[in-house]
Each structure stands twice: as C-alpha cells, then as structure tokens.
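Q: Listed here are the chains, written in short residue letters.
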Amino acid sequence: MNDHGDVDQDRRAAPARHDTAASQVSGPDPREELPEHLSALRAFAMSLTRNSAAADDLVQDTIVKAWSNIDRFQRGTNLRAWLFTILRNTFYSDQRKRKREVPDPDGIHAATLYDKPAHDGRLAMNDFLRAFDQLSPEHREVLVLVGASGFAYEDAAQMMGVAVGTVKSRANRARARLAELMHLDDRNDLLFGDDATALAVMGRSGIAAA
Amino acid sequence: MFEDSQGDTSKARLREQINDNLKRVYEETLKEDVPDRFKILLQQLKAKEAKT
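Sequences listed follow chains W and D, in order. Numbering follows the working numbering, with no gaps: position 164 of the first sequence is 164. Numbering follows the working numbering, with no gaps: position 14 of the second sequence is 14.
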C-alpha cells in the first residue's frame, strides 16, 4: 500500500482486480474505449488538416499507433488527451516529411463544405472559415484545443509539449491573427456591427452573456 | 502584434465569438457519422492480435 502514482491510479481504474501479477496491470483494455473517441479525433484532425480525406487518414494512423503502443498509455490518465497527442505528433511529423503538401490558400475547400444559405450569421461563418484556413496549423491547433475541444489549458500544454504560458500566448497570437485575417482590426462591423447577425453567430453564449 | 484599441471588453467579446465559431466548426465534424472504415480497422486490429 506504499505505492503511489501510477499504481494508485490503476487501482482506481480497476479496483476489483489488483495485484494479480505483481507489476502487471490488469483490468479492462483501454483499447475497448477507442470507438468513443473517434468523433473527437476526426474533429481535431479536421482542424489540423482542413481536408476530410487527409483528416481520416490521420485518424487511421493514430488508431494503428495507439493500438500497438497501448502499453505506453498510463492507465487512469486521460485517454482522449493521449490519442490527441499521438494525432498531432503524427500530423506534424508527416508535415515535416512532405513539405510539398498542397495548401488551400483560397479556402475554396472549406467554403464549399460550409456554404449554406447565407443569412443569420452564415456570412460571418464563411468569413471566419476563410480566415481559419489561412492560419498556420499550430494556430488552428491551439485555438481548437483551448476553444472548442473542451480540454483545459494544462491538457493542451501537455499535448503540445509546451508550458501553459506558451499555450496562452500562442492562443492570443492566433486570435489576433484571425482577427487580422478577418479585418476585424480595422473593421469591427463584420462581427459586431449588426446585432442580429452577432447574436446569431454567438448562439448559446450570447444568451448566457445577456 | 495586434493591438485592440477597443479595450478589454471588445477583446473578450471577440474571444467569445471566435470560440463560438470554433465550436461550430468542431461540432460540425463531431456530429458526422464515423465512417465504417474505422470500425472495420478496429475489428481487423483485434482479429490480428487474437491470432498471435
């Protein structure tokens, strides 16, 4: 009972079956939980690649790596964070390998994907996506991790392998760049000028803030 | 670096709007059905391991 750290965490995860094989951990295979994380992995991959075929390939590689390296996953810790880490590391190492990746400078892909009837904030959404596509993957990553994925700054920092302060400053720079790309630095009316549009775009948080 | 001349309130509002749009983009994919290729892949990985 003097053990701390990993062993305690393992016990919490699997209290019924402990100490059956000395240091060997038993309990449910975390790989059984993989299906629960597929949607989130795809959403995160899409944020990085901005291309659904590339995103799905990235998710596939992530699953294969996670499957064969599951013994490196620390039980009791956040499986989704571990999977996200594999996914982003795979993405950046692929990117380094083939630098001639075709970009989507005009955001054409995203514009067609999200081109829906243009009212009630949809226009702002298209502008947003066009700007979002022009960000570097690093900026998209930090914005999605801290702004949409539901992860805490600490989790994001661990995934990205940087300090929490770096996550915050990178997120600030990314937001500033996004605003710049949407010309919000000199044209505040795009998002804020029309109250109806702004409220439609803001959705739930608009209600919460009211 | 970008300077917000409107002050903190405007900055907070901008951040909120950006986050809201980010969530919409993110959830758009989240809501999609997971392609069968991933379920098949998991089955294949499982089957391969069972053999060894």
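Keep in mind the hints are simulated off the structure, nothing from the lab. It is possible that some hints are incorrect.
Claimed, not checked - Calculated cross-link-like contacts (lysine to aspartate or glutamate; reagent style DMTMM-like; alpha-carbon spacing at most 25 Å):
hint, chain 1, residue 1, chain 2, residue 2
1, D, Lys39, W, Asp29
2, D, Lys48, D, Glu32
3, D, Lys46, W, Asp56
4, W, Lys168, D, Asp36
5, D, Lys31, W, Glu36
6, W, Lys168, W, Asp133
7, D, Lys46, W, Asp133
8, D, Lys23, W, Glu138
9, W, Lys168, W, Glu180
10, D, Lys23, W, Glu36
11, D, Lys11, W, Asp61
12, D, Lys39, W, Asp56
13, D, Lys31, D, Glu49
14, D, Lys39, W, Glu138
15, D, Lys11, W, Glu180
16, W, Lys65, D, Glu16
17, D, Lys23, W, Asp56
18, W, Lys65, D, Asp36
19, D, Lys39, W, Glu180
20, D, Lys39, W, Glu36
Q: For the pair supplied as a hint, Lys11(D) and Glu180(W), confirm whether the alpha-carbon distance does not exceed 25 Å.
A: Answer holds: Lys11(D) to Glu180(W) is near 13 Å, not above 25 Å.
Q: Are the Cα positions of Lys39(D) and Asp56(W) separated by 25 Å at most?
A: holds (13 Å)
Q: Take a quick look at whether Lys39(D) and Glu138(W) sit within 25 Å of each other, Cα to Cα.
A: violated (29 Å)
Q: Holds or violated: Lys39(D) with Asp29(W), Cα cutoff 25 Å?
A: Distance ~17 Å between Lys39(D) and Asp29(W) Cα, so the pair holds.
Q: Between the alpha carbons of Lys168(W) and Asp36(D), is the straight-line distance 25 Å or under?
A: violated (37 Å)
Q: Would you mind confirming whether the straight-line C-alpha gap from Lys39(D) to Glu36(W) stays at or under 25 Å?
A: holds (11 Å)
Q: Between the alpha carbons of Lys46(D) and Asp56(W), is the straight-line distance 25 Å or under?
A: Holds, at about 20 Å.
Q: Starting from Lys46(D), check that the Cα of Asp133(W) is at most 25 Å away, please.
A: It is violated: about 37 Å lies between the C-alpha atoms, which goes past 25 Å.
Q: For the pair supplied as a hint, Lys23(D) and Glu138(W), confirm whether the alpha-carbon distance does not exceed 25 Å.
A: Cα-Cα ~17 Å, so holds.
Q: Is it true that the CA of Lys39(D) sits at most 25 Å from the CA of Glu180(W)?
A: The given pair, whose Cα atoms are some 41 Å apart, is violated under the 25 Å limit.
Q: Assess, step by step, whether the Cα of Lys31(D) is no farther than 25 Å from the Cα of Glu49(D), and give holds or violated.
A: Roughly 31 Å separates the two Cα atoms, so the pair is violated.
Q: Assess, step by step, whether the Cα of Lys23(D) is no farther than 25 Å from the Cα of Asp56(W), and give holds or violated.
A: holds (20 Å)
Checked against the numbered hints above, the structure breaks hints 2, 4, 7, 11, 13, 14, 16 and 19 and satisfies the rest.
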